[in-house]
Structures are given as structure tokens and as C-alpha cells.
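**Student:** Residues per chain, in single letters:
There are 2 protein chains.
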Amino acid sequence: MELFGALFSPFVRKVAVVAAEKGLALDMPPFSFADPCDDFLAASPFRKIPAIKDGDYRLCDSTAICAYFDALAPDAPIYPAEARARGRAVWFEELADTIMVPALGPAIFNRFVLPRLRGVAGDEEAALAAIAKFNEVLTYLEGVTPAEGWLAGEFSLGDVAVASLLRTAEYIDAGLDPARFPAIAAWYDRVTARPAWQSVAAMEIGQAKAAGLA
Amino acid sequence: MELFGALFSPFVRKVAVVAAEKGLALDMPPFSFADPCDDFLAASPFRKIPAIKDGDYRLCDSTAICAYFDALAPDAPIYPAEARARGRAVWFEELADTIMVPALGPAIFNRFVLPRLRGVAGDEEAALAAIAKFNEVLTYLEGVTPAEGWLAGEFSLGDVAVASLLRTAEYIDAGLDPARFPAIAAWYDRVTARPAWQSVAAMEIGQAKAAGLA
Numbered sequence: 001m002e003l004f005g006a007l008f009s010p011f012v013r014k015v016a017v018v019a020a021e022k023g024l025a026l027d028m029p030p031f032s033f034a035d036p037c038d039d040f041l042a043a044s045p046f047r048k049i050p051a052i053k054d055g056d057y058r059l060c061d062s063t064a065i066c067a068y069f070d071a072l073a074p075d076a077p078i079y080p081a082e083a084r085a086r087g088r089a090v091w092f093e094e095l096a097d098t099i100m101v102p103a104l105g106p107a108i109f110n111r112f113v114l115p116r117l118r119g120v121a122g123d124e125e126a127a128l129a130a131i132a133k134f135n136e137v138l139t140y141l142e143g144v145t146p147a148e149g150w151l152a153g154e155f156s157l158g159d160v161a162v163a164s165l166l167r168t169a170e171y172i173d174a175g176l177d178p179a180r181f182p183a184i185a186a187w188y189d190r191v192t193a194r195p196a197w198q199s200v201a202a203m204e205i206g207q208a209k210a211a212g213l214a
Numbered sequence: 001m002e003l004f005g006a007l008f009s010p011f012v013r014k015v016a017v018v019a020a021e022k023g024l025a026l027d028m029p030p031f032s033f034a035d036p037c038d039d040f041l042a043a044s045p046f047r048k049i050p051a052i053k054d055g056d057y058r059l060c061d062s063t064a065i066c067a068y069f070d071a072l073a074p075d076a077p078i079y080p081a082e083a084r085a086r087g088r089a090v091w092f093e094e095l096a097d098t099i100m101v102p103a104l105g106p107a108i109f110n111r112f113v114l115p116r117l118r119g120v121a122g123d124e125e126a127a128l129a130a131i132a133k134f135n136e137v138l139t140y141l142e143g144v145t146p147a148e149g150w151l152a153g154e155f156s157l158g159d160v161a162v163a164s165l166l167r168t169a170e171y172i173d174a175g176l177d178p179a180r181f182p183a184i185a186a187w188y189d190r191v192t193a194r195p196a197w198q199s200v201a202a203m204e205i206g207q208a209k210a211a212g213l214a
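Chains as they are written, first to last, in the UniProt record's numbering: chain A, 1 to 214; chain B, 1 to 214.
Please keep in mind that the hints were generated in silico from the structure rather than gathered at the bench. Please note that a few of the clues may not be correct.
Treat identical chains as interchangeable: a pair holds within one or across any two.
Capping the alpha-carbon separation at 25 Å, the derived lysine to any residue pairs in SDA-like fashion look like this [what the hints assert, rightly or not]:
| no. | residue 1 | residue 2 |
| --- | --- | --- |
| 1 | K48 | Y140 |
| 2 | K53 | E82 |
| 3 | K22 | Y57 |
| 4 | K22 | F112 |
| 5 | K209 | C37 |
| 6 | K48 | V101 |
| 7 | K48 | A83 |
| 8 | K48 | F112 |
| 9 | K53 | L72 |
| 10 | K209 | E82 |
| 11 | K48 | E82 |
| 12 | K48 | G153 |
| 13 | K133 | G105 |
| 14 | K48 | E142 |
| 15 | K209 | Y171 |
| 16 | K22 | R84 |
| 17 | K53 | R84 |
Next up, chain A with everything else stripped away, as it sits in the complex (with noise of 0.2 Å):
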């Protein structure tokens, strides 16, 4: 199966590690946004990353290929059974791509993209608000970040996406301050420490430093 984009999107990372967390095994061939190949085109018509091809089946949005990696390999189930938990576990995956990734997309935009893909200078006032912004999401994070375990009780998709933000920030020095959120901190510190996790995070290293990144 091949996976589409670079493990530096929150998006990519969070479908990789479920792969991961799944023991399904992904090729991530070589991927330019800007000039993208004909087989990410047809997976994703409107260009939304990653996207996924396993034979003659297509599949492009991090939440669909999910979905679709959990009814494939249903062993380790990333979604609870239990229905209150599942909607929690969903709930944190909203979350992380609907409120989070907006609120820091404009520090992702101005630190990341304008400087290190365009070459241009960002707004380093307009990063700024967005990491306030960002910070206000992590103050109700903390809030409802358990002391140990998960935060849907079990582990789930809500953890892998969460973290895989998380994981981007870092690049933009927009990452956690444990002494702030000690409760995020320590949860984050138990999802990397996953063997999956760090399977993704070694073929990232190894990305990151083919672009430049690390």
C-alpha cells in the first residue's frame, strides 16, 4: 500500500502511525505537493492530503483511511467499542483537525511554510497569535487529560491525532511547555513511548533531513 504526503503534516503522521499501531505496512514514495504524481490526483480530487493507494482501491482524507485501515486489520481497534468512550475517542479526533490545526495553522504557515518551503519571510506577529490561540485549546486539554491512560479511557484514534499535532508544532517552537501543561506533557510522553509511534518517528527523521528539516 502506498501513502501519499510527508510525515511532517499532523494528517500524514496520524494515518501512518495507525498503520503503525496496526502492523499494515506502508511505502511512502517520494511526494511534492507542488507538482503532485497522477496516482495522488485520482486518489484526491480536490488535492486533500494524505492519500492512499492499495491496489486498485483509492482513498484520500486522514479520517477515511482510518476508518478504512480499522475495518481492514479490526486486530487493535483505534476506535472503542464501548460507545461512550468511542465518542469521546472521536471527539479528540475532531478536536486536533478541526479546532486545533486552524487555530495554529496560521504559526504553521508563517514559521514553516513562507520561510522553510518559499523562502520568503513570514508574520511573525500573525505566528504569535496563532500559538496564543493554540495555547487556550491546551489549557481545555489539560483539563481533561487523565493522569494515566488514554483520553478516550482506552487508546484510540483521538490520541494518535492529538499527538501527531503535537509532533508538528515542535517544528515551528510552538511545542508543549510541561511546566504549563504537565498533564498533556506526561500523556504525550506515554503515546510517543509506543513502539508504533516510534517506527513513524524514525522514517520521519529520515524526511525531515532529505527536506532540509532536521
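Given chain A's structure and the hints, the job is docking chain B onto it.
**Tutor:** Only chain B this time, still in chain A's reference frame:
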């Protein structure tokens, strides 16, 4: 169980239709986004609409609530069991939520929120540009809508999500042109003929009349 929001919203309608498909009874207490009740704020820390209260359980985000309902009442599942169909079903939900809603958003704002909720004139040029963009997405959808049956093979959350947005489009005179999009129009007729949809549509007429929208 209480559902907070108004059925004009495609996200609220999606949740109400899924509940009806599953035979889950919902109350919809009077709701004001400008002056939300404490129960809503406790369920939805970032004021996402809709939210629910089910005994001592609170949850927001339409996708999370639908996942909760599916686990709570697993008969008539809204996620196909087969992996490729499940991936497609979630893709169509994401198409509605993350591509179609943002495309149509400026038209909803300028033809509905500004003139009908705030009593000021909207920017018709911006509305027309949004509708043109929305029709580009419909051109994609027309190409992947089957002549019979449902978007992901079996009836799913994807059908509910896309149809819910098309219904909202009708309120702003951006409804489907059946001559231009015959496959979507025939599929939309199939979705809206379902008893669950019809029961929500009857409630919606009441809400629309009370709000002076019909």
C-alpha cells in the same frame, strides 16, 4: 436525550437524521447561538454545533455524536462493515464537512446569516462566487454518484452528510439543478424519501416557521 442546535444547520440535521434512522428519541430544546444555555456550553467548550446531553454524558461535534449513536444503537449501522465501503462512507462525510461546507460557507453567510439573522445586506458577489465553487464540487459528486442505491454502496453516514448540506443549500437558493446534476438529484430523492429523513423534515418545518424562515 437533548440535541442543541437548529435543524437549518447541516451538522444538526445530520445528527437528527442518524438518530431517527436508529430510532433514538431526541428532544430539541429552544436554542439560541447568541445566548446559549449552560448545558450546551458544558457539552461544547468551543461552541461547536450541535451538542448533546444524554443523562450525565455530554458530547459535541456532529461526527463524534454520530459515532456515539452508532455504538449506542448498532442496529442499522451507518458505517459499512466492509473496509473499502467504510472508507468511502467516511470520505463522503468528510467531503460534506470539510470541502462542501467551506465552499458554500460564504453563500450561507451572505444570503442567510447577514440578511435573515442580522438584518443587514450580504455581499451577493461573494455568494455567487461561493455557489460557483460549490457547483465544481457537485460536478465531482455527479461523476461518482451511482444510478441506484447509495454513495458508498450501502446506505451510510456519507449519504446523510451530503444530503443534509444539499438541503441547507435550498434555503439560500443554491439548491441542486436536476438538469445539470441528474444523478445527484435522483440520489437526493432517494435519501429524502426515507422515513427517518421525512420525520426530521417535519420537525424542521416547525422550526423554520418559528424562526420566520418558512
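**Student:** Does each hint hold? Answer for all of them.
**Tutor:** Hints, one by one, checked against the model:
Taking the shortest alpha-carbon separations for K48 and Y140, only the inter-copy value of 14 Å comes in at or below 25 Å, while the best intra-copy value is 28 Å. In this homomeric assembly, K53 and E82 come within 25 Å of each other (Cα to Cα) only across copies, at 17 Å, whereas the closest approach inside a single copy is 31 Å. For a Cα distance limit of 25 Å, the shortest separation of K22 from Y57 inside one copy, 19 Å, qualifies, whereas the shortest one across copies, 30 Å, does not. When the C-alpha separation of K22 and F112 is checked against a cutoff of 25 Å, the pair qualifies neither within a copy, at 31 Å, nor between copies, at 46 Å.
Only within a single protomer do K209 and C37 lie at most 25 Å apart by alpha-carbon distance; the minimum there is 22 Å, versus 51 Å between protomers. Within a single copy, K48 and V101 get their C-alpha atoms as close as 14 Å, and across copies as close as 15 Å, so both meet the 25 Å cut-off. Taking the shortest alpha-carbon separations for K48 and A83, only the inter-copy value of 20 Å comes in at or below 25 Å, while the best intra-copy value is 30 Å. Proximity of K48 and F112 under a CA criterion of 25 Å is satisfied intra-copy only: 19 Å inside one chain copy versus 29 Å between copies.
For a Cα distance limit of 25 Å, the shortest separation of K53 from L72 inside one copy, 14 Å, qualifies, whereas the shortest one across copies, 33 Å, does not. Within a single copy, K209 and E82 get their C-alpha atoms no closer than 42 Å, and across copies no closer than 39 Å, so neither meets the 25 Å cut-off. In this assembly of identical chains, K48 and E82 lie within 25 Å of each other by CA distance solely across copies; the values are 23 Å between and 31 Å within a copy. Taking the shortest alpha-carbon separations for K48 and G153, only the inter-copy value of 23 Å comes in at or below 25 Å, while the best intra-copy value is 30 Å.
Both within a single protomer and between protomers do K133 and G105 lie at most 25 Å apart by alpha-carbon distance, with minima of 10 Å and 23 Å respectively. Taking the closest pair of Cα atoms, K48 and E142 come within 25 Å of each other only across two copies (19 Å); inside a single copy the shortest separation is 30 Å, beyond that limit. In the homo-oligomer, the alpha carbons of K209 and Y171 lie at most 25 Å apart inside one protomer (13 Å), although the nearest pairing across protomers, at 51 Å, exceeds that limit. For a Cα distance limit of 25 Å, the shortest separation of K22 from R84 qualifies both inside one copy, at 23 Å, and across copies, at 17 Å.
Taking the closest pair of Cα atoms, K53 and R84 come within 25 Å of each other only across two copies (12 Å); inside a single copy the shortest separation is 33 Å, beyond that limit.
Of the numbered hints listed earlier, those contradicted by the structure are 4, 10.
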